[in-house]
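Q: Sequence order for the protein chains is A, B and C. Read in order, the letters of the first sequence are residues 71 to 419 in our numbering. Read in order, the letters of the second sequence are residues 35 to 315 in our numbering. Read in order, the letters of the third sequence are residues 824 to 1108 in our numbering.
If you are wondering where the hints come from, they were derived from the structure by calculation, not from laboratory data. Accuracy of the hints is not assured; some may be wrong.
Only part of the chain A face toward chain B is listed, based on derived beta-carbon distances under 8 Å [what the hints assert, rightly or not]:
(1) 122
(2) 124
(3) 143
(4) 157
(5) 172
(6) 200
(7) 203
Label-pair ranges, simulated between beta-carbon atoms [what the hints assert, rightly or not]:
(8) 1051/C x 292/B: 29 to 35 Å
(9) 202/A x 64/B: 47 to 53 Å
(10) 93/B x 1093/C: 41 to 47 Å
(11) 140/A x 307/B: 38 to 44 Å
(12) 237/A x 922/C: 33 to 39 Å
(13) 1096/C x 203/A: 36 to 42 Å
(14) 1051/C x 277/B: 15 to 21 Å
Some but not every residue of chain C turned toward chain A, in silico, with C-beta under 7 Å [claimed, not checked]:
(15) 832
(16) 833
(17) 834
Even for Gly, the Cβ is constructed at its ideal location relative to N, Cα and C.
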Amino acid sequence: MRIDICNLSKAFDSAGRALNGIDMSIADGELVALLGPSGSGKTTLLRAIAGLETPDSGEILFDGENVASRDVRDRNVGFVFQSYALFKTMTVQENVGFGLSVRPRATRPPKAEIAARARELLRLVQLDGLEDRTPAQLSGGQRQRVALARALAIDPGVLLLDEPFGALDAKVRKELRGWLRDLHDRTGHTTVFVTHDQEEALELADRVAVINRGRLEQIATPAELYGAPATPFICEFLGSVNAFDVTAEGGRALWRGHALPLPAPCPAGAARLFVRAHELAALRPGSAQPGIPGSVEGVRLSGSHVRLDIRAAWGGPLLEAEVPILDFDSHPWKRGDAAVAAILAFRAF
Amino acid sequence: MAQAAHRGTPPRVIPGFGLTLGVTLAYLGLVVLVPLSMVGVEAGGLGWAGFAAIAAEPRTLHALAVSFGAAAAAAAVNAVFGTLLAWVLVRYRFPGRRIVDALVDLPFALPTAVAGISLAALYAPNGWIGGLLAPLGVKVAYTPLGIGVALVFVGLPFVVRTVQPVLAEIDAEVEESAAALGATRAQGFVRVVLPLLAPALLTGFTMAFARGVGEYGSVIFIAGNIPMVSEIAPLLIVIRLEEYRTDAAAAIAALMLAAAFALLLALNCIQAWHRRRVGAP
Amino acid sequence: MKLSGSTRSAAVSEGRFARACLLALGLAFLALFLLLPLAAVFAEALSKGLAVYAAAVAEPDAVAAIRLTLLVTAIAVACNLVFGLAASWSVAKFSFPGKSLLVTLIDLPFSVSPVISGLIYVLLFGAHGVFGPWLRAHGVEVIFAVPGIVLATVFVTLPFVARELIPLMEAQGRGDEEVARTLGASGWQIFFRVTLPNVKWGLLYGVLLCNARAMGEFGAVSVVSGHIRGLTNTMPLHVEILYNEYNFAAAFAVASLLALLALLTLALKTVLEARGAGPAGGPGH
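Build the full structure now, drawing on both the sequences and the hints.
A: Listed below in structure tokens is the structure:
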């Protein structure tokens, strides 16, 4: 199912969360992440799509049809809550079969069929054999999958997941991530999920919509988002980044009274340059490439990279440069070493 | 030997174990256990045949039936309206909500005799409510119906106060989840909310019921106390006592205590079962 | 009237109309079964005018009943306060076999009909009771006298302080006491300077409920009192006698004092609940 969201707005009185003129389209079968800091309105948007929140203005179209006046019961959405919201008094099988069993008598499948469908879905989420357990007897990851099977049981037009991995520990989270992508590819449901974890969004989704303060900052593929962020917010939100507040004149950028050595001319009118940590090279003094002189203040190992905190001789905040671990092993850095931070690439706003 | 008894447990850091447990056990024994056991001793003095004869007296049976019947009916009324009140108090915001919330506990605070004479005055044929009902041919005071009214008064807070916290704990997402799966509001209530409330509701019902069975002060003024019609079991105990038939009084008391303990046991079983099933305490 | 919904989304809250209906139904039930009886007490008490009211309250038998009620309540509350503190200290600060049975036993008086609560002391100390003849030979009267009234009241109000303190002390654990011990405090010092301040609101809450029930107890006291005017009549018993003599205005006048006490109890209870004391162990009786 295709979803179009047009100029959707909602004002919240108390919580301060709001939506502000959101426009986006989600293609049939697409897997889209809504990414943003907490309180950005991403969950509100997801709930509005489901019909759990009523927007003040704007439209939501399911396959071209406005569903504004359609109650959550009639939208045929599969919603997986962050808390899973499983029915504690029912068994796993009853949970999964619930959506079918509450259908009006005319469209309700017979009991045996509901049970069969529930068992089939539990097989799909690899929980066969646990039909008669209650949610209290399951692990967090298993509960998550029951919630997913329950949402899939009504054969929803769209699958909506609110922080699907939020309540799980890091290891289970990684496992389920790959598993969810796999499930999506097999079932082909249009899927929208909310997350505050950029790694999760970039790794899992076809496209990522970045939401901030109730506005859509950008919706794009992970590669586009990373390579060509549309707004300063996205630059700062994705990955660790160095920001330079500059005044641009004649293609040069003046930073703290010095001309910043840049690999390309600085566009006129730019005020802020963003340089990711891996786009800032740490060089030994005397190398041919121009850069910002400074000294190493901190050396931090982070997985396959080493992060250097460099104090620029021109002042300002600490700069962060990333050195591949192999380079580091051959030429280690230590605190107090003099360094030159060379900008390899930048984005200007 | 005390050393040996505590082997394996670390020495107690906090003092006062012997003193406080000693005081507790002595006090409980003297005030509760020894006097309560007298009921068994006195009733046991009758022998099985004597006990059975008193228990089978029509007046005894009728008094027990009135007490249990009225208590069950009142508890059922309270189960419905107590849940409704808990719902209103938890889910709605309205002016005066806090006062209403505090007022629910009135039956716990108001002496039963005061409630009793007040209800009798209200429902007497010339009372505020009795006067309205009389032309309709409905008699409340001095009938079993009056007993039910008094027990509704006494039992209401039990249901409200057990259901209220459980209802407040139910996550809105659970109901939203039912709605998203297509359940109507009624289906959501009956199939999702009610099962979650059921143990609390059953607990509240049982507590109101148990209290109603033993209730005396609020009932005797409105009941009319007509033997074989509106005479409750506790009153029959008092009457037997005034007739110096202490053994008969003890026998009826033994029957009521047995019922009370059975209810207490049932209650514990319900709660244990629910805890096992749902996991949360 | 403003009927604002809570923060629940529209999908899972009733419509405006349904909400208004449920609210009206609930409040009507409350008004009919709780508010009206309360109002009737005061209306009946003042129905013959203030002079009759004042006379009924100031009459010597009424004053004697008030005195006796205060005396009995003071003794019962004091006894059960000491018991409650001892029981909660032993249950919450130590572990020992049979603990849950002990806690169940403490709640036992709530499951016993008030009439039976009186009956058991008659069986024990009455003229034909186990200790009755011996007590009579030594000139000690328990039944149809003040000691019996005190015993019956102690029995029915026994659980209030303990059931309030036990969950509270259990929730607070024993860390504070253990720290105090390592700092060299004695047992009594720990109790008065560490434990008591930690549980003071819960303690007051328990005492409040204990007090209300002690003053208002009717069934148990009725069985052991003998209803001797001016001597063994507590306030609720005095209300009964006046009512049975068809002296309604006087009966409701004395009853109104008890009703005021109930309202004061509810008000103080609300205040204490705002301070975090309250029904941790389920509703009180």
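Q: Hints first: check each against the structure and report whether it holds.
A: The hints, checked one at a time:
1. About 5 Å separates the beta-carbon of residue 122/A from the nearest beta-carbon of chain B, less than 8 Å, and the hint is met.
2. For residue 124/A, the shortest C-beta to C-beta distance to chain B is roughly 13 Å, which exceeds 8 Å, and the interface hint is violated.
3. A distance limit of 8 Å between C-beta atoms decides the matter here; for residue 143/A the minimum to chain B is near 5 Å, and the interface restraint holds.
4. Interface restraint check: residue 157/A against chain B, minimum CB-CB distance 6 Å, threshold 8 Å, status holds.
5. With a cut of 8 Å, the hint placing residue 172/A at the interface with chain B holds, because the nearest CB-to-CB distance is about 4 Å.
6. A least Cβ separation of about 15 Å between residue 200/A and chain B goes past the 8 Å threshold, and the interface hint is therefore violated.
7. Checking residue 203/A against chain B: minimum C-beta separation of about 11 Å lies over 8 Å; hint violated.
8. In this structure the hint that residue 1051/C and residue 292/B lie 29 to 35 Å apart at CB holds, the actual value being about 34 Å.
9. Judged by the Cβ atoms, the range 47 to 53 Å given for residue 202/A and residue 64/B holds: they are separated by roughly 51 Å.
10. At roughly 44 Å, the beta-carbon separation of residue 93/B and residue 1093/C lies within the given 41 to 47 Å, and the hint holds.
11. Hint check: residue 140/A to residue 307/B, Cβ distance near 41 Å, so the stated range 38 to 44 Å holds.
12. With their beta carbons about 35 Å apart, residue 237/A and residue 922/C fall inside the hinted range of 33 to 39 Å.
13. For the pair residue 1096/C and residue 203/A, the beta carbons lie near 39 Å from each other, so the given range of 36 to 42 Å is met.
14. Under the hint 15 to 21 Å, the C-beta atoms of residue 1051/C and residue 277/B, about 20 Å apart, fit the expected range.
15. A least Cβ separation of about 5 Å between residue 832/C and chain A falls short of the 7 Å threshold, and the interface hint therefore holds.
16. Satisfaction of the interface hint for residue 833/C is found here, the shortest Cβ-Cβ separation to chain A being roughly 6 Å, below the 7 Å cut-off.
17. At a threshold of 7 Å, the smallest CB-CB gap from residue 834/C to chain A is about 4 Å, leaving the interface hint in force.
The earlier numbered hints that this structure contradicts are 2, 6, 7.
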